[in-house]
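Asks: Sequence:
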Amino acid sequence: MSILESSAIHSIETFSNRFIGLLRVRTEDGTEGWGQVSPYNADITSLVVHRQIAPYALGSGSLDIEKLVQEIPEKEHKFPGSYLRRALAGLETALWDLRGKLENKSVCELLGGKPRPFRVYGSSMKRDITPQGLSGAISRLRDEFGFDAFKFRVGKRGVGMTKMSGRGVLKKLCPQSEKPGGSSITPC
1287 MSILESSAIH
1297 SIETFSNRFI
1307 GLLRVRTEDG
1317 TEGWGQVSPY
1327 NADITSLVVH
1337 RQIAPYALGS
1347 GSLDIEKLVQ
1357 EIPEKEHKFP
1367 GSYLRRALAG
1377 LETALWDLRG
1387 KLENKSVCEL
1397 LGGKPRPFRV
1407 YGSSMKRDIT
1417 PQGLSGAISR
1427 LRDEFGFDAF
1437 KFRVGKRGVG
1447 MTKMSGRGVL
1457 KKLCPQSEKP
1467 GGSSITPC
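Yeah, the sequence shown ends on 1474 if you go by the numbering used here, and it's all consecutive.
For the record, the hints were derived by calculation from the structure and aren't laboratory data.
Just so you know, these numbers come straight off a predicted model, no measurement behind them.
Check the hints yourself; a few may be wrong.
With a straight-line cut-off of 20 Å between C-alpha atoms, the simulated DMTMM-like cross-links for lysine to aspartate or glutamate are [unchecked claim]:
(1) Lys1387 / Glu1318
(2) Lys1391 / Glu1352
(3) Lys1387 / Glu1299
(4) Lys1361 / Asp1350
(5) Lys1364 / Asp1350
(6) Lys1391 / Asp1350
(7) Lys1391 / Glu1378
(8) Lys1387 / Glu1352
(9) Lys1387 / Asp1350
(10) Lys1391 / Glu1318
(11) Lys1400 / Asp1383
(12) Lys1361 / Glu1378
(13) Lys1387 / Glu1314
(14) Lys1353 / Glu1378
(15) Lys1353 / Asp1383
(16) Lys1387 / Asp1315
Using the sequences and the hints, build the whole thing.
Replies: Shown next as structure tokens:
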């Protein structure tokens, strides 16, 4: 069988808790790919994978990614929107990972891009943090892990950034987060 011939999907497993869910797909020949379902209530999303995604995916060609991503929502038409797609994303990313392994390419290359260095950011992932707590978290992530860009949440859920934005947020909430020597951190 050539690399581009599709081995059938043999198993789909999920590993999840309430906050994060991983999905492993294996083919008949043992090749595997990993994906992630959408976070928050990921344990529920993992149930959706097994009940509403896996029955259509098992036995299908592992390289028929586009076909599966299109057909599964059509077959589960009574469940439109993010409910089903939160689970389908895990299968899709796992199948792209699997294909990358078969072709010895990154998913970026499979999608037409070129691998390159990219900047990563640290995140507090909290809304109920004080300015001092946020400043401490940013400083710790910068000092321990070398992050120089950060994502943080301001205001209540669904309200947005309030009147502060960009560097203004950083300066108001975290004035001591400036790195000694003149370089600074960047909010994302």
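Asks: Hints first: check each against the structure and report whether it holds.
Replies: Against the structure, the hints come out as follows:
Between lysine 1387 and glutamate 1318 the CA atoms are separated by roughly 8 Å; this keeps the pair inside 20 Å, and the hint holds. Under the criterion of a C-alpha separation no larger than 20 Å, the hint pairing lysine 1391 with glutamate 1352 is consistent with the structure, at around 18 Å. With a CA separation close to 18 Å, the supplied pair lysine 1387 and glutamate 1299 stays within the 20 Å bound. Distance hint between lysine 1361 and aspartate 1350 is fulfilled; the C-alpha atoms sit about 16 Å from each other, no more than 20 Å.
As the CA atoms of lysine 1364 and aspartate 1350 are separated by approximately 23 Å, the hinted pair breaks the 20 Å bound. Our distance criterion of 20 Å between C-alpha atoms is met by lysine 1391 and aspartate 1350, whose separation comes to about 17 Å. Of the supplied pair hints, the one linking lysine 1391 and glutamate 1378 holds, its CA atoms being roughly 16 Å apart against a limit of 20 Å. As the CA atoms of lysine 1387 and glutamate 1352 are separated by approximately 18 Å, the hinted pair is consistent with the 20 Å bound.
As the CA atoms of lysine 1387 and aspartate 1350 are separated by approximately 15 Å, the hinted pair is consistent with the 20 Å bound. Our distance criterion of 20 Å between C-alpha atoms is met by lysine 1391 and glutamate 1318, whose separation comes to about 15 Å. Distance restraint check for lysine 1400 and aspartate 1383: the Cα-Cα separation of roughly 16 Å lies within the 20 Å cut-off, and the hinted pair is therefore satisfied. Between the alpha carbons of lysine 1361 and glutamate 1378 the distance comes to roughly 16 Å, so the proposed pair stays at or under 20 Å and holds.
Using a Cα cut-off of 20 Å, the hinted pair lysine 1387 and glutamate 1314 holds, with the two alpha carbons roughly 15 Å apart. With a C-alpha separation of about 11 Å, the suggested pair lysine 1353 and glutamate 1378 falls inside the 20 Å cut-off, and the hint holds. Of the supplied pair hints, the one linking lysine 1353 and aspartate 1383 holds, its CA atoms being roughly 16 Å apart against a limit of 20 Å. Distance restraint check for lysine 1387 and aspartate 1315: the Cα-Cα separation of roughly 13 Å lies within the 20 Å cut-off, and the hinted pair is therefore satisfied.
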